[in-house]
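Residue numbers (the working numbering), protein chains in the order written: chain A, 1416 to 1679; chain B, 450 to 716.
A couple of the hints might just be wrong.
[As the list claims (entries may be wrong)] Straight line, CA to CA, 30 Å or less: simulated DSSO-like cross-link-like pairs of lysine-lysine: (1) A:K1508 <-> B:K601; (2) B:K601 <-> A:K1571; (3) A:K1508 <-> B:K453.
[Claimed, not checked] Each pair of labels, with its calculated beta carbon distance range: (4) A:V1511 <-> B:G486: 27 to 37 Å; (5) A:F1446 <-> B:K674: 46 to 56 Å; (6) A:L1598 <-> B:Q604: 21 to 31 Å.
[Claimed, not checked] Here are some chain A residues pointing at chain B (derived, C-beta under 8 Å): (7) P1429; (8) Y1433; (9) P1441; (10) L1491; (11) P1495; (12) F1523; (13) V1533; (14) V1619; (15) D1622; (16) G1632; (17) F1639; (18) S1648.
If you're looking for bench data, these hints aren't it; they were derived computationally from the structure.
Everything numeric in this text was worked out from a predicted model, so none of it was measured.
No residue lacks a Cβ here, since even glycine has one placed at the ideal position from N, Cα and C.
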Amino acid sequence: MRFFRFSRKNLCIPYALYLILFVVAPLLVLFYYAFTDGQGRFTCGNLTGFFTDPNTLGTLCYSFAIAIATTIVCLLLAYPVAYILATGHFKTKSVVVMLFVLPMWINFSLRITALKEVLTLLEGNLARYPFFNTVIGMTYDFLPFMILPIYTTISKLDSALLEAALDLGAGSVQAFLHVTLPLSVPGILSGISMVFLPAMTNYVVLDMLYNSTYIMGSLIGSYFSAYNWHGGSMIALILLAIICLFTLLNGEAEESSARGGALL
Amino acid sequence: MMRKIGKASCLLLVLLFLYLPIFLLALYSFTDATNIGAIRGFSLHNYKTLFTTPELLQMIFGTLLLAIVSAIFATLLGTLGAVGAFYSQKSVSKAIATMNQIPVVNADVVTGFSICILLVVVCGLSKETFIPLLVGHVTLSAPFVYLSVVPKIRQMDPSIYEAALDLGATPAAALVKVVIPQITQGILSGFGLAVTLSLDDYFIATYTKPATFDTISTYVVNATKGSQTTIKTALWALSTVIFLAVVVVVTIMNFRAEKPEKERSEA
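Bound-form chain A, shown alone:
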């Protein structure tokens, strides 16, 4: 019995080792590379280089702009949809919800190809409106990830709260603003973290839409193609810092349940 209790715990050893080897160790190596130069000497050059080079700084600002715009557009589109889906009473509800989630399972590169063809048909030359097209492309890619967590949060709300508000004399708009909206904030936050961070790094969308790259993720790509491991590590580390900051701000409440819950 004692022996077994010991061994049942031991089941987690392979996974713990795996995580240490392939999750923690790579980050430590990243850290080492970011602060050393080609000869292995300690340097802060990569860090200061990033913040003094107008190109990389511009890319950082541009990624923030893209990510913020994408998040806002996604939120504006996703909230009404999630709200209608969660509060509506119709027979085919599960099918309709499934329709909104389904695109997540289709390979994103193929979906972006489809979007590219349509945008080319509408606009001719895609490079004419780079910012606009990027935001459209990213919204197209990430929208389901915003809808799902908000939908889940609103459907779990206790309807008694809303009824109480209405009974106590609130109008339906007031009730929405003071009850439903504040209570759906966790879903909104989790949706934002599912959209904002990928929008900063997912450079393939831009790359595919008009063969050019201006966001943070693409910097890693360009250092990678140039075999500049030290510069690339520094960019990765800066991204990691942004991600950590964002995650901490967001609180641990939602723990990425949305992406995990994608399979419903």
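Starting from the known structure of chain A, fit chain B onto it as the hints suggest.
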């Protein structure tokens, strides 16, 4: 009535945005057209190209094989980790949960790049061995398996396991016959998630794949930049096939998910 129409049209508009490109592409995949908008006759040549070009077939089966193999490893590791962590001391299980969270919140670019640095640059492992690619995809998906198994273990009634021990089952037998069946649903959905994550991945594959190997994502991204129209339109056919496959799989899964619930409520 007006409100209902307003709500329905809001849903329809967003659905149109999500599906119109896919449907247009599907429609044009059955023609000779090389870009959307041109009107041409019906043709199946895209499908013929898709299913007869060795390069395309190799890429599709390579992607599927990678997804399944990496999902098996991820499911094994993630499930063992979740079960083990649940029965460990608080500090151990907390440490595992924290490490598990890193790849989940991390950008795929950073995960892929850091694994490439460790295995290829520091350890000198060749990408041609497929090991960096496999490790990358397992790292991407194992945490999600862990996350989908953990809630199932928490829901489990611990007294059933103890009852099995009292009735004479060996601890290992109790684990296999009592614990595993109760978390099977979590394991399966974790496996499904692992497969889809691997199929959809672009970034980890770019940084860790062998030069001669392509997954669907890396292939499509390169193909859209090129000017080979036969390949480009064959990919429209691929997109249509994948769309249909996803619809079929999702429909089947929904039916199966609804059935046991009904049986339970009847019982």
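Taking the hints in turn, this is what the structure says about them:
1. A:K1508 <-> B:K601: 26 Å, holds
2. B:K601 <-> A:K1571: 19 Å, holds
3. A:K1508 <-> B:K453: OK: A:K1508 and B:K453 at ~15 Å, within 30 Å.
4. A:V1511 <-> B:G486: 27 to 37 Å: 30 Å, holds
5. A:F1446 <-> B:K674: 46 to 56 Å: Violated - the Cβ-Cβ distance for A:F1446 and B:K674, about 33 Å, lies outside 46 to 56 Å.
6. A:L1598 <-> B:Q604: 21 to 31 Å: Between A:L1598 and B:Q604, where Cβ atoms are some 25 Å apart, the hint holds.
7. P1429: A:P1429 check passes; min Cβ-Cβ to chain B is 6 Å, inside 8 Å.
8. Y1433: 6 Å, holds
9. P1441: 4 Å, holds
10. L1491: 11 Å, violated
11. P1495: It holds, given that the least Cβ distance between A:P1495 and chain B is near 5 Å, below 8 Å.
12. F1523: 6 Å, holds
13. V1533: 5 Å, holds
14. V1619: 5 Å, holds
15. D1622: 7 Å, holds
16. G1632: It holds, given that the least Cβ distance between A:G1632 and chain B is near 4 Å, below 8 Å.
17. F1639: With Cβ-Cβ at 6 Å, under 8 Å, it holds.
18. S1648: 7 Å, holds
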